[in-house]
Structure formats: C-alpha cells, structure tokens
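Given chain H, work out where chain S should sit, using these hints.
Here are the chains, one letter per residue:
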Amino acid sequence: MNWGAVWAIARKDAMVALRTRAVVLPLIIVPLVLMVGVPVLVGLISGMATQIDTPSTDMEELTKALPSGFAEQYAGLSDVQAGYIYFVLYLFAPMYLVLPLMAASVVAADSFAGEKERRTLEALVYTPTTDRELLLAKILGGWIPGSLVGLVGFVIYAIVADIMTFYVAGRIVLPNPLWLLLAFWVGPAAAALGLGVTVIASSRVNTFQEAYQIGSLVVLPVVLLVVGQAAGAFILSDWLVALMGLMLWMLNVIIFALAAATFRRTALMARL
Amino acid sequence: MGAAATSVITTEKLTRSFGSQVAVDALTVTIEAGEVFGFLGHNGAGKTTTVRMLNGVLAPTAGSARVFGLDPTTDGHRIRARTGILTETPALDSRLTARTTLLHFAEVYGVPSHARARRVDELLAQFELEKRADSKVGGFSKGMRQRLALARTLIHDPEIIFLDEPTSGLDPVAIRDVHQMIEQLTHRGRTVFLCTHNLAEAERLCDRVAVLAQGRMLAIGATQELGSRLNRGHRVSLEIEARDIARAIKLFAATPPVSLAEAVTDRATVRNGSATIVLHGVSRHDIPEMIQTALRHDLRLYRVQPEEPSLEDVYFALQEL
Chain H
1 MNWGAVWAIA RKDAMVALRT RAVVLPLIIV PLVLMVGVPV LVGLISGMAT
51 QIDTPSTDME ELTKALPSGF AEQYAGLSDV QAGYIYFVLY LFAPMYLVLP
101 LMAASVVAAD SFAGEKERRT LEALVYTPTT DRELLLAKIL GGWIPGSLVG
151 LVGFVIYAIV ADIMTFYVAG RIVLPNPLWL LLAFWVGPAA AALGLGVTVI
201 ASSRVNTFQE AYQIGSLVVL PVVLLVVGQA AGAFILSDWL VALMGLMLWM
251 LNVIIFALAA ATFRRTALMA RL
Chain S
273 MGAAATSVIT TEKLTRSFGS QVAVDALTVT IEAGEVFGFL GHNGAGKTTT
323 VRMLNGVLAP TAGSARVFGL DPTTDGHRIR ARTGILTETP ALDSRLTART
373 TLLHFAEVYG VPSHARARRV DELLAQFELE KRADSKVGGF SKGMRQRLAL
423 ARTLIHDPEI IFLDEPTSGL DPVAIRDVHQ MIEQLTHRGR TVFLCTHNLA
473 EAERLCDRVA VLAQGRMLAI GATQELGSRL NRGHRVSLEI EARDIARAIK
523 LFAATPPVSL AEAVTDRATV RNGSATIVLH GVSRHDIPEM IQTALRHDLR
573 LYRVQPEEPS LEDVYFALQE L
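For the record, the sequence lines run as chains H and S.
Mapping to the working numbering: the first sequence position 44 is 44, numbers consecutive.
Mapping to the working numbering: the second sequence position 71 is 343, numbers consecutive.
For reference, chain H alone in the conformation it holds in the complex (with noise of 0.2 Å):
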C-alpha cells in the first residue's frame, strides 16, 4: 500500500474541500442550527415555562415512556425541567448523527463528483496509485473532516446543552455515557456510511449536487430514529446506542467491500 500517496491524496481533498464555499457553508449552518439554535430555542421555552403554574402531570403515566433510572436521577424536577433533560439527552440523540453524516457526505461529493466537474480528475487517475489506494485515499478524505465536524459538534453541543439544563434546570448533565458513544462510536461509523454511499454516487453522477443529493438520502434512516423515539416506540440506551454503532460499522465493512470490488479507474475514464 502507498500510503504517502493516499495521505496525500486524502489530505489535499479534505484541506481544498474545507476551502470551497459550497462544502463549508453547509458546514458551519448545520452545526450551528442543530447543535445551537435547537437547544437554546427549546430551552428558552422551558425556562419561560417553568414561570408559569402548569397541572402536573401524570407522572405514572409518563415515567413509563422514559429510559430505566431516569425518574429517580432526575427526581424532584418540574415536569418542564424533566422533558427538557430528556430533550436534550435522549429525543435530540439521533439528530446529532445528521452531523457527521451531512459532513463526510459534502466532502465526498466534492470528491469524485466535484473532481470530474472541475475536470482535475484525470491527473489523479495517471497518479501511480492503484485503484484501492485511490478509493481508499478518497474515503479518508471525506471521513476525517466528517468525523471531526462530529466531534466539534458533540462538544458545541455539549457546552450548550449544559448552559441551557443548568438555566432551565440547575442541572449539568453532558457528557454522559450515550453521548460520548454517539460521539466516538456512532458518529464516525455514520461519517464513514455517508461518506461511502456519496463516494459511490460521485462515481456515476458529474457533478457535485446530483452526488450531494443521492448521498443525502442517507439522513433519512435518521429522521425515522427520531420519529420513532418521539412516537415512543423505543428509546435510546447505551447498549441500543452502542449496538446501533456495531450495525453502521459493519454495514460500513459492506458498502467498503463493494466499491472496492466494483471501484475501476477504467470504468471511471470510459465515462469521462
């Protein structure tokens, strides 16, 4: 393997990516809307909302639906404080993972796709780089930056969140246990899934936004993770978190297998 040329390759496409107004912008509005202005919305709401006298609830009723010791961790909170917690801790959970996806999609598109559309792919295709130290070069090139925008954002988030619990509720509660595994664990398995699906899009599309669209589908499983858990048909754990992360992954080891199975400089060059 010549890793000199994949590291370079993968290093030139993450630094020009992140220079390239229609990558970056993405980047810093999404962040900041997701992990931002979301939090600090709904919990502006609740600390209005603790204000004001509201009918308790059924707190039988309710504690069924939240995750085991939750209740008693939390105990001796407003019914507002509760939800914002649980807010901030469980149902805006699978949203975070829009934020590695979206990255590692965006640079990837403007990978291969946005190569061909700028017509600088064929001096990468004479480089002296085999077919899989190409792909390779090209997934590491989406992955890190998209990992990193994740991590950058579990942070922001982080320091949000707890400003915005310790104002509602005088609580901190991040980084917990499932954060720091959607972090770490789910996050880059979700970078490295969107990233390989845009990088095979990019491959049979010419230009950066018909790559960027097919790859953004890939958010879709997202929203029906946040569906589901705001309809109360399950809820995040650590161990549904982290069986979450051990599924990407070897999804990820699949779609991986596949491109570099069917990834050919010479199927690529018969299209250009």
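What the hints contain is simulated information worked out from the structure, not anything from laboratory work.
Some hints could be false.
[As the list claims (entries may be wrong)] Here are a few chain S residues that face chain H, going by a calculated C-beta distance under 8 Å: (1) 327; (2) 342; (3) 346; (4) 349; (5) 353; (6) 357; (7) 380; (8) 382; (9) 532.
[Unchecked claim] Covered, in the sense of this in silico footprint (three residues per stretch, anywhere, with C-beta under 8 Å from a C-beta of chain H), are these stretches of chain S: (10) 328-339; (11) 515-521.
[As the list claims (entries may be wrong)] Below 20 Å or equal to it, Euclidean Cα-Cα: the simulated SDA-like pairs (lysine to any residue) are: (12) 408/S to 118/H; (13) 414/S to 118/H; (14) 285/S to 493/S; (15) 403/S to 414/S; (16) 522/S to 553/S; (17) 414/S to 429/S; (18) 408/S to 175/H; (19) 403/S to 416/S; (20) 414/S to 452/S; (21) 408/S to 117/H; (22) 285/S to 306/S; (23) 408/S to 452/S; (24) 414/S to 431/S; (25) 408/S to 15/H; (26) 408/S to 24/H; (27) 408/S to 19/H; (28) 408/S to 18/H; (29) 408/S to 22/H; (30) 408/S to 20/H; (31) 408/S to 119/H; (32) 414/S to 24/H; (33) 414/S to 117/H; (34) 408/S to 11/H; (35) 414/S to 447/S.
Backbone N, C-alpha and C define an ideal beta-carbon position, used for all residues, glycine too.
Okay, now just chain S, sitting in the frame of chain H:
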C-alpha cells in the same frame, strides 16, 4: 536510434471500442527509448484513447500493449510511476496555488520529502512561474496553466512523457518554449510520445510519426520516409520578375523534364514585386539546368527552391486514401 535501441512501448492489435464506435482499431506499433514519436490525427482519431490505454487507465477491448515490458491492464500503477502525462486539458485545481499543486503531486508521485521543495522550485523557475508560485491557479492565463501542467508532468522526472496537444491554445513564445523543453528532454534520453494535429510541430520535433484516422493507423515512419512514399514527383519553385511570369510559364512548360509549370500566389513575393512559379516533375538534380535555361532567356531569378513533400502533404494525401 541504432541496433542497441530498446523498445519502451509495444502494442499488438490494440483496440478500444465504445459501443459500436471503434476509437482505436488494431494499433500495432513499437517505440524505442529516447525517441520523439509523433501521433498525428484529427480530433477523435484515437490519440487520447491510446495514451489512456498505454497508461492503464482505460482497458482495451482487444489486443495488448507493453510499456517498459509491463502490461498496463495489470501493472498500470507501476507504469504510471515512470511516465508523465500532460492531458489535453490541464486538469488543475483552481483553488490551489502553483506551488501547492506541484508539492502535492510531488508527494503523490513519491518524490523524496527532502527533495520536494528543491524540485518544485526548479520547475517553477524552468517554466517561469516563480513570480506567481503562491498565486491561486484560478487566476492564471491559459498559457500559465499549460506551463504549470507541464511542470506537474515532469515533477518525478519520468522516463516516458506523453504530451497530448501540448501547444494547443498557446501563444508563439510559449509554443517555442514547449518545443525547446521537448528538445531538452530528448537530449536527456527521455522518450516523448507527442499527440498533435500540428503538422509543423511534428515535422520539426519528431523522429518518427504515425498518422491516424478514425482509430486506424494509416502510416508510420520518419517524416522524410513518409514523404518519399508519396508519389507526387518532385517540385521546384522559382521566384522571378512579376512581368516575366507568362513568358516563364510558356518557356518551362516546354522544357523537359517539367510536366507542369504553374503560377502560385505568394503574398510575400507579390509585395516584393516578383512572382512564384512551381515546376512539377523537376528534382533537385535538374536545378542547374533550369537556372541555365532561365538565364539563356533573360529571366531574372531571385530564388530557386526544391520542394520535398511536407508532412502536411503526406498527412492530407493519407487522409484522402
């Protein structure tokens, strides 16, 4: 090239089709080390497709090729480590600077880290890009982009250099620089595979040329050799006093071995107040006799020039076959 020459490229009935369209049709050719080999043809003749196949980035549909004795379909990366390719479009990322571009490709091509900066500086100087080394490629002119692409092609000092239309769109000064660079490469023993439709360029630079049309190779050989195959006889052009033109045509038309004497338009001679006639069927050995004939009949001669068939003559004659 003598008996000791070694083949660096050989193809045997190399063929590539795209659907029903045959881009390269049973190409058989051998290229020796140190040779400047011209690949001539119109756009779509199969030149770029051949370069792609020889570098293992496009699979042939039939036939075979060997570059440095390696099969491009299985050892493409080993071949590409020893070849440099200037593609038809420069394929440069406009968001990078000239220096970053070269440093990046130096790393990808495995130039040792301690030698990269020096190599990049050398090439920036050679291609007169030092002043814009840290400017983004997006602001470069077409000529500057082409020079940078050439520098990138040479970053790892390749043994075979494939140049696909290297002077396309360049100004005369840049074209002269590219030609000088090709000559320097051959002095250093490098093999140059020059794809062009610029016949004067091929005639000036190439040891041998192959003429392609619609994927088929019509002819291969040294330019003079191809010319001698062209059965057009020899010609001699005479520059004479303009007022004598009718008398001269009548005189030479009746002088053996001239088969035809005709006036040709030559703006340069018209500006000088003279005219040019071309005598067909006359070789350089007949020139002294032609001069004596002219002098005997008081024709004022300004210039006498034997005209060998040019590569252009050969090219168009082959295309008409």
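Hint by hint, here is what the structure shows:
1. The beta carbon of residue 327/S is positioned within 8 Å of a beta carbon in chain H (closest approach about 6 Å), and the interface hint is therefore held.
2. A distance limit of 8 Å between C-beta atoms decides the matter here; for residue 342/S the minimum to chain H is near 12 Å, and the interface restraint is violated.
3. For residue 346/S, the suggested interface contact is broken, since its CB lies about 11 Å from the closest CB of chain H, more than 8 Å.
4. With a cut of 8 Å, the hint placing residue 349/S at the interface with chain H holds, because the nearest CB-to-CB distance is about 5 Å.
5. The closest approach between the C-beta of residue 353/S and any C-beta of chain H is roughly 4 Å, which is under the 8 Å cut-off, so the hint is satisfied.
6. The interface hint given for residue 357/S is met, as the beta carbon of that residue sits about 5 Å from the closest beta carbon of chain H, less than 8 Å.
7. Annotation: residue 380/S was flagged as interfacial toward chain H, and the flag holds, the nearest CB pair being 5 Å apart, inside 8 Å.
8. The closest approach between the C-beta of residue 382/S and any C-beta of chain H is roughly 6 Å, which is under the 8 Å cut-off, so the hint is satisfied.
9. Because the smallest distance between the Cβ of residue 532/S and any Cβ of chain H comes to about 50 Å, over 8 Å, the interface hint for this residue is violated.
10. A stretch counts as covered by a chain when three or more of its residues have a beta carbon under 8 Å from one of that chain; for the stretch 328-339 of chain S and chain H the count is 4, and the coverage holds.
11. Evaluation of the coverage hint for the stretch 515-521 of chain S: breached, as 0 residues show C-beta separations to chain H shorter than 8 Å, against a requirement of three.
12. A C-alpha spacing of about 15 Å is found between residue 408/S and residue 118/H, which places the hinted pair at or below 20 Å, so the restraint holds.
13. Between residue 414/S and residue 118/H the alpha-carbon distance is near 15 Å, which keeps this suggested pair within the 20 Å criterion.
14. As the CA atoms of residue 285/S and residue 493/S are separated by approximately 18 Å, the hinted pair is consistent with the 20 Å bound.
15. Between residue 403/S and residue 414/S the alpha-carbon distance is near 16 Å, which keeps this suggested pair within the 20 Å criterion.
16. Distance restraint check for residue 522/S and residue 553/S: the Cα-Cα separation of roughly 16 Å lies within the 20 Å cut-off, and the hinted pair is therefore satisfied.
17. Taking the CA atoms of residue 414/S and residue 429/S, the gap is near 24 Å; set against the 20 Å cutoff, the hint is violated.
18. Between residue 408/S and residue 175/H, the direct Cα distance comes to roughly 43 Å. Violation of the 20 Å bound is thereby established for this hinted pair.
19. Taking the CA atoms of residue 403/S and residue 416/S, the gap is about 11 Å. The hint holds against a cut of 20 Å.
20. A threshold of 20 Å between alpha carbons decides the hint, and for residue 414/S with residue 452/S the separation of about 19 Å falls inside it, so the pair holds.
21. For the given pair, residue 408/S sits about 18 Å from residue 117/H by alpha-carbon distance, which is consistent with the 20 Å threshold.
22. Taken as a hint, the residue 285/S and residue 306/S pair is broken in the structure, with Cα atoms around 23 Å apart against an allowance of 20 Å.
23. Between residue 408/S and residue 452/S the CA atoms are separated by roughly 27 Å; this puts the pair beyond 20 Å, and the hint is violated.
24. A C-alpha spacing of about 26 Å is found between residue 414/S and residue 431/S, which places the hinted pair above 20 Å, so the restraint is violated.
25. A C-alpha spacing of about 14 Å is found between residue 408/S and residue 15/H, which places the hinted pair at or below 20 Å, so the restraint holds.
26. This hinted pair checks out: residue 408/S and residue 24/H have alpha carbons roughly 19 Å apart, not beyond 20 Å.
27. For the hint pairing residue 408/S with residue 19/H, the CA-to-CA distance comes to about 12 Å; that is within 20 Å, so the pair holds.
28. Between residue 408/S and residue 18/H, the direct Cα distance comes to roughly 16 Å. Compliance with the 20 Å bound is thereby established for this hinted pair.
29. At most 20 Å may separate the alpha-carbon atoms for a hinted pair to count; residue 408/S and residue 22/H meet this at roughly 18 Å.
30. Of the pairs offered as hints, the one joining residue 408/S and residue 20/H holds, with about 13 Å between alpha carbons and a cut-off of 20 Å not exceeded.
31. A C-alpha spacing of about 16 Å is found between residue 408/S and residue 119/H, which places the hinted pair at or below 20 Å, so the restraint holds.
32. For the proposed pair residue 414/S and residue 24/H, the alpha carbon gap of about 29 Å is over 20 Å, so the pair is violated.
33. Taking the CA atoms of residue 414/S and residue 117/H, the gap is about 18 Å. The hint holds against a cut of 20 Å.
34. The hinted pair formed by residue 408/S and residue 11/H meets the criterion: a straight-line CA distance of about 18 Å does not exceed 20 Å.
35. With a C-alpha separation of about 12 Å, the suggested pairing of residue 414/S with residue 447/S holds against the 20 Å cut-off.
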